[in-house]
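J.: Read in order, the letters of the sequence shown correspond to residues 8 to 148 in our numbering.
Hints were generated in silico from the structure; no laboratory data involved. In this text the structure is predicted, and so the values were computed from the model without any measurement. Certain hints may be false.
Unchecked claim - With a Cα cut of at most 25 Å, we get these calculated SDA-like pairs of lysine to any residue:
| # | residue 1 | residue 2 |
| --- | --- | --- |
| 1 | K126 | K139 |
| 2 | K118 | T101 |
| 3 | K118 | C99 |
| 4 | K126 | F141 |
As the list claims (entries may be wrong) - Computed beta-carbon distance windows for the label pairs:
| # | residue 1 | residue 2 | range |
| --- | --- | --- | --- |
| 5 | F88 | P43 | 35 to 43 Å |
| 6 | F68 | A28 | 48 to 56 Å |
| 7 | C99 | R135 | 36 to 44 Å |
| 8 | S87 | M124 | 34 to 42 Å |
| 9 | Y94 | A28 | 57 to 65 Å |
| 10 | T145 | R82 | 56 to 64 Å |
| 11 | C99 | M124 | 48 to 56 Å |
Think of the CB as a built atom: it goes at the ideal place given N, C-alpha and C, for glycine as much as any other residue.
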Amino acid sequence: SSTILVDYASLTCSLYSLVHAMASLLRTALRAVPRPQLPASFTQANKASIPFVPVDWVFRFFPYFSRDKVRFMFRFNQISFGCGLGYFYLWCHTPYKCDNYDHFDESMLYKYVKGKMEKTGQLDENLRIKVKHFYPQTQED
Numbered sequence: 008s009s010t011i012l013v014d015y016a017s018l019t020c021s022l023y024s025l026v027h028a029m030a031s032l033l034r035t036a037l038r039a040v041p042r043p044q045l046p047a048s049f050t051q052a053n054k055a056s057i058p059f060v061p062v063d064w065v066f067r068f069f070p071y072f073s074r075d076k077v078r079f080m081f082r083f084n085q086i087s088f089g090c091g092l093g094y095f096y097l098w099c100h101t102p103y104k105c106d107n108y109d110h111f112d113e114s115m116l117y118k119y120v121k122g123k124m125e126k127t128g129q130l131d132e133n134l135r136i137k138v139k140h141f142y143p144q145t146q147e148d
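Turn these sequences into a full structure, and let the hints steer you where they fit.
T.: Put into structure tokens, the structure is as follows:
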């Protein structure tokens with residue numbers, strides 16, 4: 008049994024040295040490979056750009072638009088403000104979309120509870136005491 012332990016120990020030692028050698032070889036190979044990098048125009052485009060258009064493209068393809076830096080900044084602010092306003096009023100503030108509560112879809116739970124309240128008479132009592140106006144009303148109204 009002592010020979011088995013010796014063989015197991017030598018096997019463990021050789022396996023460890025093999026794994027260590029392979030790991031160091033892999034580490035060396037990974038250092039030798041150059042890392043691919045994107046062009047600076049792509050990496051810097053998100054820092055200063057008209058929405059969806061990199062600024063260097065504006066300077067390259069629209070020289071009249073970007074001839075003066077101050078005027079370009081002014082136009083950039085106007086375009087950004089217009090995009091924000093358009094996003095708010097044309098996309099986020101679509102008129103008559105789920106803002107009329109007289110015609111909303113009633114869920115199954117709502118219908119079940121309402122039916123149960125109608126059977127017990129509790130719904131009529133709730134509608135009787137419900138306040139239907141914001142300001143206090145006088146007897147003449």
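J.: Run every hint past the structure and note whether it holds.
T.: Hint check results:
no.: 1; hint: K126 <-> K139; in the structure: 23 Å, holds
no.: 2; hint: K118 <-> T101; in the structure: 28 Å, violated
no.: 3; hint: K118 <-> C99; in the structure: 30 Å, violated
no.: 4; hint: K126 <-> F141; in the structure: 30 Å, violated
no.: 5; hint: F88 <-> P43: 35 to 43 Å; in the structure: 38 Å, holds
no.: 6; hint: F68 <-> A28: 48 to 56 Å; in the structure: 55 Å, holds
no.: 7; hint: C99 <-> R135: 36 to 44 Å; in the structure: 39 Å, holds
no.: 8; hint: S87 <-> M124: 34 to 42 Å; in the structure: 52 Å, violated
no.: 9; hint: Y94 <-> A28: 57 to 65 Å; in the structure: 59 Å, holds
no.: 10; hint: T145 <-> R82: 56 to 64 Å; in the structure: 58 Å, holds
no.: 11; hint: C99 <-> M124: 48 to 56 Å; in the structure: 36 Å, violated
When held up to the earlier numbered hints, the structure conflicts with 2, 3, 4, 8 and 11 and fits the remainder.
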